[in-house]
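Assemble the whole structure, with the sequences as input and the hints as a guide.
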Amino acid sequence: MQMLFTKFILCACIIIIYTSCRDTPAQSVAKETPTIDTIPHRVPDSTGPEWLAKAYNQVIFVEQKDIAELSGNYLLDIPLAENPDATYVFYLNEMIPLSQFQNPLSFYPFIRQFILIVPDGRYNQDLPDTFETGVCAEPLIAHYYYRITRNADKIQIDSAYLAGDAEPNIAYAKPSVPADMMVVYRRESYGSRCCPKDPMWDLIGEYPIFIDQFEKKYKVKIAGTYTQMEGLEGEHTTWYTLPDLTTEQRLRFIVEKRAQWIDKREEVKIRFEPQIFTPELVVRQKNKMAF
1 MQMLFTKFIL CACIIIIYTS CRDTPAQSVA KETPTIDTIP HRVPDSTGPE WLAKAYNQVI
61 FVEQKDIAEL SGNYLLDIPL AENPDATYVF YLNEMIPLSQ FQNPLSFYPF IRQFILIVPD
121 GRYNQDLPDT FETGVCAEPL IAHYYYRITR NADKIQIDSA YLAGDAEPNI AYAKPSVPAD
181 MMVVYRRESY GSRCCPKDPM WDLIGEYPIF IDQFEKKYKV KIAGTYTQME GLEGEHTTWY
241 TLPDLTTEQR LRFIVEKRAQ WIDKREEVKI RFEPQIFTPE LVVRQKNKMA F
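Taking the working numbering, I'd label the letters of the sequence shown as residues 1 to 291.
For the record, the hints were derived by calculation from the structure and aren't laboratory data.
Straight-line alpha carbon distances no greater than 35 Å define the calculated DSBU-like cross-link-like pairs of lysine-lysine that follow:
1) K65 x K219
2) K174 x K257
3) K65 x K216
4) K65 x K174
5) K219 x K257
6) K154 x K54
7) K217 x K257
8) K174 x K154
9) K197 x K217
10) K154 x K257
11) K221 x K197
12) K174 x K54
13) K197 x K257
14) K221 x K257
Here are the computed distance ranges between Cβ atoms for each label pair:
15) P97 x P175: 19 to 25 Å
16) L105 x D202: 21 to 27 Å
17) R284 x P97: 31 to 37 Å
We put the CB at the ideal spot given by N, CA and C, even for glycine.
Laid out in structure tokens, this is it:
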């Protein structure tokens with residue numbers, strides 16, 4: 001009897017262990033691949049990498065007023081002349097998912113290479129725990145430096161984590177808009193009316209309806225819209241400068257207009273990914289018509 005009872009207890013334990021193992025999710029031994037947003041906190045590097053200069057004199061400081069967010073989309077409202085051969089430097093003091101800067105179609109898409117300087121607030125917070133000498137020292141701020149190079153076939157990201165004397169000297173400069181340029185937040189282009197017909201012409205009747213509804217819903221006025229004719233079969237491009245809107249209102253217009261202005265044929269499937277929108281500079285021309 002004692003032996004039967006022992007066997008019963010042993011079988012019951014085996015069943016319990018099996019059930020517990022079956023119901024517990026398997027733990028993968030593979031480590032999660034770190035992304036630009038999940039780089040762990042570490043001790044700053046003692047020296048900067050070769051690709052980082054000792055000084056930058058044209059750093060663009062991104063302030064809170066320059067940014068709006070809507071449903072994971074951002075508008076960085078700083079007009080900038082985009083030179084594909086130049087390297088731009090941005091001091092990013094606001095929380096934007098850094099992975100979105102890798103999208104070659106967003107964030108000044110004509111810029112091939114740029115550097116982001118991102119302050120690490122955690123380093124400043126950890127300083128009191130780091131110094132145990134009792135001496136009150138002025139807190140340092142550590143920065144992440146990301147060099148992002150966007151080519152047609154790949155995105156390359158180089159990074160560094162620096163503090164104090166290891167960091168480059170920086171001087172800020174506010175970009176200016178040339179007098180012969182206008183700031184554009186959205187453009188829409190129509191191809192030929194025929195031969196073959198651009199399917200976007202099927203949306204031409206929706207334009208006044210959308211504008212009227214948007215103005216009434218948000219109590220704004222959509223002004224500064226320009227059209228330039230580009231062909232003999234109705235080809236043209238429309239630019240939206242949105243001068244009377246706030247940054248938040250501009251982003252809402254961009255997102256909602258993008259959702260309206262799509263090819264609605266059933267065989268065309270369009271899925272929008274969140275992105276960072278930026279204004280572009282377009283040369284003013286006499287043959288542009290305002291309405």
